[in-house]
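Please work from the sequences and hints to get the whole structure.
4 protein chains.
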Amino acid sequence: MKALVYHGPGKRAWEEVPDPVIVEPTDAIVRIDVATICGTDLHILKGDVPETTPGTILGHEAVGTVVEVGSAVTTIEPGDQVLVSCITSCGRCRFCKEGHYGLCTGGGGWIFGHTIDGLQAELARVPFADTSVYKVPAGLTPEDVIFLADILPTAYEVGVLNGGIRPGDTVAVVGSGPIGLATIMTAKLFTPSKIIAIDLADARLEKALEFGADVGINNGTTDAVAKVMELTNGLGVDVAVEAVGVPETFELCTEIVRPGGRVANVGVHGHPATLHLETLWIRDVTITTGLVDTLTTPQLMRLIEEQRLDPAPFATHRFELAQTEEAYDVFAAAAETHALKVVLTAEPVAVLPEHEAVPEVALV
Amino acid sequence: MKALVYHGPGKRAWEEVPDPVIVEPTDAIVRIDVATICGTDLHILKGDVPETTPGTILGHEAVGTVVEVGSAVTTIEPGDQVLVSCITSCGRCRFCKEGHYGLCTGGGGWIFGHTIDGLQAELARVPFADTSVYKVPAGLTPEDVIFLADILPTAYEVGVLNGGIRPGDTVAVVGSGPIGLATIMTAKLFTPSKIIAIDLADARLEKALEFGADVGINNGTTDAVAKVMELTNGLGVDVAVEAVGVPETFELCTEIVRPGGRVANVGVHGHPATLHLETLWIRDVTITTGLVDTLTTPQLMRLIEEQRLDPAPFATHRFELAQTEEAYDVFAAAAETHALKVVLTAEPVAVLPEHEAVPEVALV
Amino acid sequence: MKALVYHGPGKRAWEEVPDPVIVEPTDAIVRIDVATICGTDLHILKGDVPETTPGTILGHEAVGTVVEVGSAVTTIEPGDQVLVSCITSCGRCRFCKEGHYGLCTGGGGWIFGHTIDGLQAELARVPFADTSVYKVPAGLTPEDVIFLADILPTAYEVGVLNGGIRPGDTVAVVGSGPIGLATIMTAKLFTPSKIIAIDLADARLEKALEFGADVGINNGTTDAVAKVMELTNGLGVDVAVEAVGVPETFELCTEIVRPGGRVANVGVHGHPATLHLETLWIRDVTITTGLVDTLTTPQLMRLIEEQRLDPAPFATHRFELAQTEEAYDVFAAAAETHALKVVLTAEPVAVLPEHEAVPEVALV
Amino acid sequence: MKALVYHGPGKRAWEEVPDPVIVEPTDAIVRIDVATICGTDLHILKGDVPETTPGTILGHEAVGTVVEVGSAVTTIEPGDQVLVSCITSCGRCRFCKEGHYGLCTGGGGWIFGHTIDGLQAELARVPFADTSVYKVPAGLTPEDVIFLADILPTAYEVGVLNGGIRPGDTVAVVGSGPIGLATIMTAKLFTPSKIIAIDLADARLEKALEFGADVGINNGTTDAVAKVMELTNGLGVDVAVEAVGVPETFELCTEIVRPGGRVANVGVHGHPATLHLETLWIRDVTITTGLVDTLTTPQLMRLIEEQRLDPAPFATHRFELAQTEEAYDVFAAAAETHALKVVLTAEPVAVLPEHEAVPEVALV
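Chains as they are written, first to last, in my numbering: chain Z, 1 to 364; chain G, 1 to 364; chain B, 1 to 364; chain V, 1 to 364.
Calculated directly from the structure, the hints in this document are not laboratory data. Warning: the hint list may mix true and false statements.
No copy labels: a pair is met if it fits in one copy or bridges any two.
What the hints assert, rightly or not - Cut-off 27 angstroms, straight-line C-alpha distance, at most; resulting in silico cross-link-like pairs (BS3-like, lysine-lysine):
1) Lys2 with Lys46
2) Lys227 with Lys135
3) Lys227 with Lys194
4) Lys135 with Lys194
In structure tokens, the structure reads:
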């Protein structure tokens with residue numbers, strides 16, 4: 001089969017590799033119907049994720065059709081179309097039993113395209129299939145559910161649910177990239193009274209307004225703290241969600257949250273932040289961090305099925321699987337291409353793709 | 001001043017009574033701007049509420065303008081426009097301090113038009129004003145917030161919050177009268193995937209669909225249990241809200257709720273129900289009852305202010321305060337008049353009222 | 001091997017049966033070290049549980065040593081000593097993934113000695129072994145943990161946790177049989193300020209006081225409602241736990257619970273109860289039912305390991321497995337023998353058993 | 001009357017001042033029966049709290065007898081003995097209505113001995129008396145409840161409840177001063193399986209063991225992280241409570257907490273800490289800060305009344321009110337005197353005080 005293989009920092013190739021086979025009785029083999037690319041894949045390609053070794057197939061988000069199952073698999077069978085999620089759950093360890101699949105100590109967690117071969121491929125081996133995949137409901141297409149593989153449950157669980165957003169709350173979402181937009185989209189499930197998007201790029205803030213934010217603040221040109229206080233009668237927001245991953249945005253969240261409020265960190269951080277305990281100790285704040293568990297995937301899938309949640313606006317570009325390398329270029333150049341998420345399909349892309357004018361950009 | 005006075009079962013009159021005066025330092029006197037009528041007022045008029053004695057002014061829902069405050073009142077002053085709620089909170093007893101104002105043992109709870117003079121009047125004395133009224137935000141009219149006086153927080157707290165409705169849930173609301181409609185409206189704040197309305201009257205079910213229900217089941221002509229099971233793959237609903245107040249509808253709720261689900265009783269009951277513990281003991285159900293606390297009034301007011309919640313569709317008929325008796329007739333004849341809530345205003349009703357063709361109906 | 005086989009109402013025998021074998025790759029075979037008998041076993045023997053067919057081996061509580069595992073089993077291996085719990089979890093269905101193992105729709109739930117062969121035997125086949133058994137920590141004996149197989153998690157989850165007991169609460173436990181005593185014992189983990197035991201038998205109430213109740217009320221000779229109100233300044237208890245299973249005791253719970261309080265039903269009911277909604281609708285009560293999930297088994301095991309919980313007082317009688325029939329007689333005659341739980345061991349019972357003077361009693 | 005008056009950094013005097021008088025109708029005047037000194041009083045004396053102006057009477061913890069009440073006070077009357085708490089609640093603002101008295105914006109919060117005259121005096125004016133004092137139950141003495149004025153609810157709410165301690169948890173309490181000891185004492189209400197005390201002083205660790213810790217770690221001489229990992233099978237603790245108030249101890253808490261665990265900050269901080277988001281972002285931790293609300297004071301008082309909680313061990317030294325200055329010296333020199341809390345009584349101290357050998361120490 002063909003797959004997108006990582007060959008060390010800055011190097012990748014869509015190339016022929018051996019077909020995957022059943023190894024454990026709990027495995028399934030899945031033919032990929034649709035996949036996508038995550039910002040984390042770009043980090044791996046930059047060499048930021050040393051545990052991903054050269055030779056690994058990348059990708060942790062896909063929808064596929066089961067072609068074979070191990071002897072212990074009971075809930076899916078060949079022919080079933082399933083969502084294969086970024087998080088694998090062994091179903092047996094303490095953390096999986098408590099719903100914390102992201103912390104799995106039994107061989108799961110984030111493994112696809114990280115510590116085992118991933119999903120940007122024609123076929124994939126899926127460990128712990130019974131506890132890690134989700135059947136696509138009749139009436140939904142692979143593209144309808146592909147963003148449940150990572151971005152939507154991440155935003156919902158780590159941002160919205162950890163943030164404890166309630167109807168009537170004022171919510172700030174710092175960062176209007178794909179994960180910030182997914183936070184805005186899923187925050188609206190709880191009907192906050194106001195969502196404030198904060199970002200450095202006006203183009204991204206416009207996108208945030210399209211996704212449902214009520215106000216956009218460019219914190220490069222505006223004093224975001226002052227503006228938030230003005231919008232909240234000097235109180236601060238009920239919930240601030242960090243969706244960037246740098247110390248400055250985290251610290252901004254702790255400045256704009258009201259006494260008694262919550263800061264939910266979604267961003268992936270590479271550096272420590274300063275926590276101003278000398279002011280925060282008395283302000284009754286709650287700060288959470290987290291990797292997605294995908295525990296809410298069935299709940300979000302029902303919402304898509306019943307048309308309460310529409311992930312379609314994330315799909316800005318479409319490619320065939322064989323064009324995966326081109327798709328990486330487009331996705332990596334999001335500032336120019338305005339890509340949010342690319343859709344990689346096994347089927348030929350009928351509609352003329354929108355990515356013709358990709359500028360010459362270096363791999364970030 | 002003039003007020004609507006109860007004179008024993010079946011008797012009421014809009015008549016001259018003495019103006020109210022400050023009695024306690026925590027009192028306020030309020031000039032009524034807008035009031036409304038509740039189904040409970042009809043119960044009192046029928047003589048079903050013996051603790052309400054003849055001579056009592058009726059009504060427990062109003063918006064008014066403060067004209068005088070007692071010496072201990074600090075948070076409102078003459079000229080402020082305030083919502084006066086069905087529930088009074090002393091702010092001092094155990095229950096008030098725990099947010100259970102409806103259970104107040106310090107002189108509050110449901111007192112207006114029940115154990116003290118009520119709000120269908122030109123003026124009213126408001127005990128414990130600091131802890132029992134809510135300023136109307138700039139930009140909102142009295143009519144925008146009048147239904148926060150009872151029906152919206154009742155449906156939201158006792159139905160939606162007690163029911164623990166979450167995004168993606170399937171919810172059944174049994175009863176499509178005003179309180180059932182308010183449950184449907186406020187349930188949507190949590191984006192359930194499906195709301196099933198159940199009622200005996202097709203006209204009310206049509207109204208339920210207008211208010212946001214996805215399916216209506218007439219349980220006079222359809223087997224509601226079978227239909228719910230069909231709609232939920234045989235599982236039952238996540239949450240069933242009882243909004244009628246008779247044993248049959250409560251029992252229906254316990255039949256259609258899924259294992260692990262919740263039944264939230266909102267209806268006012270006069271008779272015991274049968275609880276089928278021989279089947280329910282093993283089904284992990286949670287059943288709640290409750291009187292509204294109005295703890296969420298500020299939260300719901302923010303949602304109206306930010307246009308996330310629109311109570312306007314409840315206001316089916318408008319009258320001047322002096323027409324309160326006529327308004328009672330229209331409201332009591334809801335089956336014919338299709339009245340949901342009537343609005344009684346101190347100002348002349350500019351728009352020609354829609355109630356001209358009120359049929360001759362007896363007081364129920 | 002030998003096992004206790006059900007042969008229809010009133011008939012059972014400790015007899016030779018074929019050894020169990022691995023059927024599914026997720027199975028394990030366990031040699032029973034210690035087992036016990038549950039009141040439910042007596043119900044089956046009376047013929048009250050029609051889905052248990054003649055020929056079934058009884059029993060759903062045991063500790064054993066793994067002798068063989070299926071090809072998909074990864075977390076235990078031959079030689080491991082494990083608790084085999086009354087509840088089996090497939091780990092794959094919606095309910096198992098939400099921690100509701102008792103509601104398992106994937107082939108688990110309560111199956112041992114019910115729909116498949118049980119644990120009062122020398123050997124047993126254990127389905128879904130990875131997600132259904134718990135390793136016995138080093139330093140603990142089988143008898144230390146045997147009551148985690150059912151009675152302790154049942155009382156803790158369905159009584160104490162569903163009841164939401166908090167430090168300082170006043171708690172009534174209605175019924176002082178084994179499950180009521182286990183509720184008293186595990187309620188104390190949350191340090192209620194007062195536990196009131198209510199039962200018809202003084203002997204059982206004395207036992208309740210030994211297990212940690214502060215007051216005993218014999219509701220055959222005392223007006224329990226009046227006495228509870230006297231003990232709670234007329235308010236009622238914060239939490240009432242039903243641990244009998246008849247309508248009268250359930251209704252008593254709803255009479256003695258305070259406004260805003262909780263009733264947790266643990267009893268197994270065969271008949272409906274009357275729910276006095278005409279008084280309860282306004283009292284803000286929460287009523288829960290439930291079958292145990294055993295989700296808290298690891299938590300309770302840690303408490304035993306660290307000597308915070310001591311189940312030893314439940315073990316009133318000891319027998320060898322081969323004496324299982326005699327043990328049934330003693331357990332069934334609890335009113336005379338004062339048996340709480342009997343311990344059946346594969347090892348010879350070293351200490352002279354206390355059960356010599358068992359009276360001649362009919363099988364109940 | 002006499003009172004302890006602050007006269008600027010390092011200066012204080014027990015001197016004659018005017019008697020307090022009722023100012024607002026919600027005020028009460030209380031004759032102090034018992035008071036105590038807090039570490040915060042020492043901070044004020046050092047000049048660390050600039051909003052406390054010279055001339056202010058110090059102290060925010062007392063039990064007294066009501067001698068006069070304002071016209072709006074309804075729940076207490078002259079002769080009642082009441083606990084006067086460190087936190088005053090206006091009962092009217094958003095935060096008070098949500099139970100966050102510590103964040104009161106209506107004139108309450110921490111005001112005694114801070115922004116208004118305090119309680120180390122013969123008499124005190126108590127604002128918002130109805131919502132801020134607690135009657136001492138019959139059968140309890142002032143000394144039984146004096147530590148409910150601050151230290152016990154602080155430890156319980158900000159440490160134990162914010163930390164979400166559950167039965168069976170492993171808990172680390174960093175800091176074994178009075179507030180750390182109070183955390184240990186109140187953590188035990190939830191029966192954790194193990195409490196690990198961490199401190200730099202062996203004497204304080206011994207005290208921690210007396211108060212109920214299971215293990216003491218001197219992090220001056222031992223690698224606390226390594227030791228905690230050894231005690232928790234490499235996992236880390238479920239809950240870490242910071243009870244010191246310096247960056248190092250906060251950072252230690254974030255190192256020893258397990259994935260999915262909670263860090264509850266109780267310490268008063270003067271400097272920022274470093275938050276290692278580069279490791280914490282993926283570990284699902286929750287961090288809380290908070291000032292006490294005293295919302296749980298009635299709950300803790302019931303526990304003392306029912307002898308589930310015994311604050312007596314905190315009272316290491318007793319003085320008459322007139323000896324308050326001497327008591328400050330003893331309390332400030334805790335390292336030498338081993339004082340935990342001093343009791344200041346209006347009555348003569350019958351027992352010969354233990355504080356004769358106070359070394360010559362400078363005011364810290």
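Checked hints:
1. Proximity of Lys2 and Lys46 under a CA criterion of 27 angstroms is satisfied intra-copy only: 22 angstroms inside one chain copy versus 64 angstroms between copies.
2. In this assembly of identical chains, the alpha carbons of Lys227 and Lys135 lie at most 27 angstroms apart only when taken from different copies (25 angstroms versus 45 angstroms within one copy).
3. Within a single copy, Lys227 and Lys194 get their C-alpha atoms as close as 14 angstroms, which meets the 27 angstroms cut-off; across copies the closest is 38 angstroms, which misses it.
4. Taking CA atoms no more than 27 angstroms apart as the test, Lys135 paired with Lys194 passes between copies only; the shortest distance there is 20 angstroms, against 35 angstroms inside one copy.
The structure is consistent with each of the numbered hints, conforming to all of them.
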